[in-house]
Amino acid sequence: MRTFLILMMGVLLMNCNTATPEIKDQTTTIYFIRHAEKDRSEPSEKNPSLTEKGLARAKRWSEIFKNITFDAIYSTDYTRTIETASPTAYTNNLDIIKYEPEELNTIEIFKKGYENVLVVGHSNTVPKLVNKLLKEDRYEDIEDNNNGNVYIVTLTNQEVVSVNLLTIK
259 MRTFLILMMG VLLMNCNTAT PEIKDQTTTI YFIRHAEKDR SEPSEKNPSL TEKGLARAKR
319 WSEIFKNITF DAIYSTDYTR TIETASPTAY TNNLDIIKYE PEELNTIEIF KKGYENVLVV
379 GHSNTVPKLV NKLLKEDRYE DIEDNNNGNV YIVTLTNQEV VSVNLLTIK
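Each residue of the sequence shown is one higher than the last, beginning at 259 in the numbering used here.
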């Protein structure tokens, strides 16, 4: 009987998990870019495609991002933004997730557990989305002739830990 009790105590102790679960910091980096150069030959066109230069820039973005494994790629539902996102989406074997700028909740993106996310938008929407994350009006609309900005925002545990703005020519 004594051996049985000692054996049962051992089994109970082995199954008793007194260790605190390890808490890992979750980090998400979101890369925001404006669409590449659009075709302006028809001013009344509300949904133009990219120019040859724009298509080349879209391909260049995929080369710039080649060492980043994206978990998700978001784009507004415009031809120019989808064409800008497509080469990077193709490289990462991802479908493009369409979004409305005023409805995109970047904290929800963080909560999905993604490590790296690309968001393609417009000269006025990209800075607003970054400012929303920063909770301050740091960035103004992108100049119309500038299609090379990339805003890199890193969050850890839903808090912004770094922001970088680079311009790629």
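Keep in mind the hints are simulated off the structure, nothing from the lab.
This one's a predicted model, so the numbers in the text were calculated from it and none came from an experiment.
Hints may be right or wrong, so weigh each one.
Stated by the list, open to error - The calculated lysine-lysine pairs, modelled on DSS-like cross-linking and capped at a C-alpha distance of 27 Å, are:
(1) LYS356 / LYS317
(2) LYS390 / LYS311
(3) LYS370 / LYS393
(4) LYS304 / LYS324
Run the structure past the numbered hints and jot down the numbers of the failing ones, going up. 2 and 4
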